[in-house]
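J.: Under the UniProt record's numbering, the sequence shown has 141 at position 141, and the numbering climbs by one with no breaks.
Check each hint, because a few of them may be wrong.
Derived DEER-like restraints, expressed as beta-carbon distance ranges [what the hints assert, rightly or not]: (1) Gln34 with Arg163: 15 to 25 Å; (2) Pro119 with Thr3: 34 to 44 Å; (3) Ser160 with Ala103: 30 to 40 Å.
Taking lysine to aspartate or glutamate pairs in the EDC-like style, the calculated list, with each CA pair at most 20 Å apart, reads [what the hints assert, rightly or not]: (4) Lys107 with Asp90; (5) Lys165 with Glu152; (6) Lys63 with Glu157; (7) Lys41 with Asp30; (8) Lys107 with Glu118; (9) Lys107 with Glu95; (10) Lys165 with Asp176; (11) Lys77 with Asp176; (12) Lys63 with Asp76; (13) Lys77 with Glu25; (14) Lys63 with Asp30; (15) Lys63 with Glu25; (16) Lys165 with Asp90; (17) Lys41 with Asp76; (18) Lys41 with Glu31.
Rather than coming from a laboratory, the hints here were simulated on the basis of the structure. Backbone N, C-alpha and C fix where the C-beta goes; we use that ideal spot for every residue, glycine too.
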Amino acid sequence: MSTALAPQALAQLFTDARSLHSFSERPVSDELIQQLYELQKWGPTAFNGQPARYVFVRSAAAKSRLAPALSAGNRDKTLAAPLTVIVAYDTSFHEQLPTQFPAFDAKGFYDSLPHLIEPGARSNATLQAAYLVLAARALGLTAGPMSGFDAEAVDREFFSDGRYKSILLVNLGYGDSSQAFPRGPRLAFDEVARVQ
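Starting from the given sequences, assemble the full structure and let the hints guide the process.
T.: So, in structure tokens, the structure goes:
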């Protein structure tokens, strides 16, 4: 039976975690990138579908390709981050469902209702992006997710065949909290939820 995580772990994942815009110069190693994926891939999704696709942008050449698609407010911090992940979804993700979810013909489900493929891909890849953020925090990284970019420009540059569609950018590294803004408030439970 599972037990609740220790308060220190909960703080690292949630209550003390911040989306910082400044990072130390310490690089994110290939081994840590692999470990990050191996951890986050276990998060639950519908039909065990895994539509998310990732491009880990680290080199100066790759950053220069990403730069024109960034909003003015995200450009400097993204170019300075040790690593930026482009999270996209695979518009044909359902083709892998026979091996990912053999208990049910989920591919046939999507084949018979093709208008559900894109929303299913987008929503589950968004879940996977959230798991990426939590896995990064669990491994001691700071994660800064962003939607301020031109997705069509990113897709033209990094996914030219049109199969993958970008949904989010996540800056990763070892955060520098010395320049952090005060943490923003969160809505209270009774403002957003009810139990019936």
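J.: Hint by hint, where does the structure go against what was stated? Just the numbers, ascending.
T.: When the structure is compared with the hints, numbers 10 and 17 turn out to be violated.
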